[in-house]
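So the sequences go chain by chain: A and B. As numbered in this note's numbering, residues 1 to 355 make up the first sequence, in order. As numbered in this note's numbering, residues 1 to 327 make up the second sequence, in order.
In case anyone wonders, no lab produced these hints; they're calculated from the structure. Please note that a few of the clues may not be correct.
As the list claims (entries may be wrong) - Label pairs and their computed distance ranges (CB to CB):
| # | chain 1 | residue 1 | chain 2 | residue 2 | range |
| --- | --- | --- | --- | --- | --- |
| 1 | B | Gly169 | A | Leu183 | 25 to 33 angstroms |
| 2 | A | Ala226 | B | Pro140 | 46 to 54 angstroms |
| 3 | A | Gly236 | B | Ala52 | 53 to 61 angstroms |
| 4 | B | Gln302 | A | Gly199 | 21 to 29 angstroms |
Claimed, not checked - Below, computed lysine-lysine pairings styled on DSS-like, alpha-carbon distance capped at 27 angstroms:
| # | chain 1 | residue 1 | chain 2 | residue 2 |
| --- | --- | --- | --- | --- |
| 5 | B | Lys81 | A | Lys159 |
| 6 | B | Lys81 | A | Lys268 |
| 7 | A | Lys159 | A | Lys268 |
| 8 | A | Lys268 | B | Lys49 |
Virtual Cβ for every residue (Gly too), placed ideally from N, Cα, C.
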Amino acid sequence: MTTRRGFLVGLASLGAAPRLGWADVGAPAWLTAGMKPDGAYVLHGLSAGGVSRFEIPLPARGHAAAAHPIRPEAVAFARRPGVFALVLDCFTGEVLSRLTPPEGRQFNGHGAFSADGRLLMTSEVVAEGSAGRIGLWDAESWRRIGEWDSGGIGPHDLKRLADGRIVVANGGIQTDPTDRTMLNLESMKPNLALLSAEGEILDLMELDEELHQNSIRHLALIDEDAGVAFAMQWQGDAADPAPLLGLWRPGEAPLLCEAAPEDLFAMKGYAGSVAAQGERIAISSPRGGAVMIFDRSGAPLATHRRADVCGLAALEEGFVASDGSGGLWRISAEAMEPIARHEVAWDNHLISAAA
Amino acid sequence: MRRVLAFLLLAGLPAPAFADVGAVIDRHILPAYEGFAAAAESLAAEAEKTCAPEALRPPFNAAWDAWMQAAHLHLGPSEEKGRALAILFWPDPKGLGAKAQRALLTGDAAALEPEAFAEQSVAARGLAGLERLIYPSVLPEEADSCPLIRATTRDLARMAEELVAGWEGPEGFAQNLLTAGEPGNARYLAQSEAVQALFTQLMAGVEFQADQRLGRPLGTKDRPRPERAEARASERSARNLILALKALREMAVTLDGTAARSAAAFDRAIEAAEALEDPTFAGVASPEERPKIEELQKLVRQIRRTALDEMPPTLGVTAGFNSQDGD
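Whenever a hint applies, use it, and build me the whole structure from the sequences.
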């Protein structure tokens, strides 16, 4: 880091510092938050081979991050209910800006940039009642410039489709503004909302009534513009498990992916992350200590076991997974093998960095 | 096998100061699977001789007793091919087991051949399925249940053997735990992970007793659900709870010999369960008896809290960075 800082100072002294790109911070494949053995919270940039390209301190436990599509800048979101997000310069480790939601709004875990990198969109709730909002931030000045209705209660993850439209996972759960107490499990009604690039609600997908307690929380874009994979968390009877993965192409009915009968309880009704790669979709469960892989027809292909596993991202072939014990794993329908282990408890998500 | 493990330990295989992974394998896990294999074998042998329910009930109960020594171990071979689930499929709120068994009772006998039966639904096989065949149940009485009884007991014995084989020997799962953190171990990347894996089993096991074995029949005050108690027909509901708590206690004190407060918390819950004298938790629906079962559930939950407070610092483990977080 010292030499890089020196390099930066050198550039600055030339008076015409060129804009840096992700390559200048070691071209990390993913961003992920974590906790070190001494309890310090950090954000890491990881290479596809599992090597840490940088480590930046965080003031509190992170959840997800959003990577700027061009500049090596990351927005690190606090856990729900989030009162701040930090814009980090991944080259210097500096905090470029601290985003604070307007009075009565809370960050709710995730964010996404527009393709040109000029707009940051954040999942938010109105603190009282958990009505969903998408907060809009100018990604140059980091000023709040507006908000949209998310189309439901308790939005969590959101993803930008290739054509600029946005899919929001409205989890449906109303939470206490001061903690995570769930207030509406009997009446919750999650949905997937499709928004235009201007925030107009174009489509809402709701699950059948018998699945109304299946909170839709995380998303992954399926290759070849085939819609989104959505991961769910079942709030109904644990003894009567529900599908935890669905595939949705806007305008069509969702395809729900049932676990193999012998693995019905493997995930403990909880999917924490989802990733899609080619014909395969993976979901993870830290509670069950398991990763499941499905194909695009919804058929289960494999279940791999690993304690506290949660972060998932696509590799060129297969997936990478991270866990709370510091492990990074290469996962395919056939095998699960270790890539690396760090003395960092990896947090919930691996976020793809750089386009 | 046990001598081999003891030798590995004596040979100076490093272990965290107070966490005795080798002892848990040697004195808790392997004896539990070996005991279940022997009991399942006896049950299958008896079923070959007779399908009379009265004759099968004693070895059936002995097999279920033996399974309670290992039922909380959801790692390694028990998680492969859905074995643990197939050995004991409960809870089953939709009655999937009885439904699948009805089809097997009236369907093609070829499905009862060992290889085909192993591929049948996990809900239809195992102890809960056998209970429906040798105690009064929703299954039709007119059907000849003997072929299905024999298929089920043979299947149990086969899975029990596979569990023993899967744990023991140079390629056995025990070696994964014992060589945690060593080069070539692609399952546990650090020694602490093996300890963590066992501790997680312990905590999940205790949670299952409170949430499921007690929680399901308890239901809510307004709507108690005595019909949801486990193994009502064989009147094993409370017995299963007591045996499970005793097995979990043994695992806890073997893993951490200093966990005195946790052991005491187990003892309080076991004592309360033994004092209940309500084999099927029917008292959940009675105003006089229900508070005792609620109190028992509190005592079981207290075990988990105590153990989570007491054991992690000694063992060098955590409650789970992501699994306890949730988002």
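Discussion item. Range first: 25 to 33 angstroms. Now tell me if the beta carbons of B:Gly169 and A:Leu183 are that far apart.
Written reply: violated, 53 angstroms
Worksheet item: Given the proposed pairing of B:Lys81 with A:Lys159, does the C-alpha separation stay at or below 27 angstroms?
Response: The given pair, whose Cα atoms are some 36 angstroms apart, is violated under the 27 angstroms limit.
Discussion item. Taking the Cβ atom of B:Gln302 and the Cβ atom of A:Gly199, is their distance within the range 21 to 29 angstroms?
Written reply: This hint is violated: roughly 50 angstroms between Cβ atoms.
Practice prompt. Quickly compare the C-alpha distance for A:Lys159 and A:Lys268 to 27 angstroms and report which way the hint goes.
Written response: Holds - the C-alpha atoms of A:Lys268 and A:Lys159 are around 26 angstroms apart, at most 27 angstroms.
Worksheet entry | Range agreement (Cβ of B:Pro140 with Cβ of A:Ala226, hint 46 to 54 angstroms) | At 47 angstroms between Cβs, range holds.
Item to complete: Mind checking the hinted window 53 to 61 angstroms against the Cβ distance between A:Gly236 and B:Ala52?
Response: Distance hint for A:Gly236, B:Ala52 is violated at roughly 41 angstroms.
Discussion item. Just to be careful, I want the Cα atoms of B:Lys81 and A:Lys268 compared with a cutoff of 27 angstroms; is the pair within it?
Written reply: Holds. B:Lys81 to A:Lys268 sits at ~17 angstroms (cutoff 27 angstroms).
Worksheet item: Is the straight-line distance between the alpha-carbon of A:Lys268 and that of B:Lys49 27 angstroms or less?
Response: Violated: A:Lys268 and B:Lys49 sit about 40 angstroms apart, past 27 angstroms.
In this structure, the hints that do not hold are numbers 1, 3, 4, 5 and 8, in rising order.
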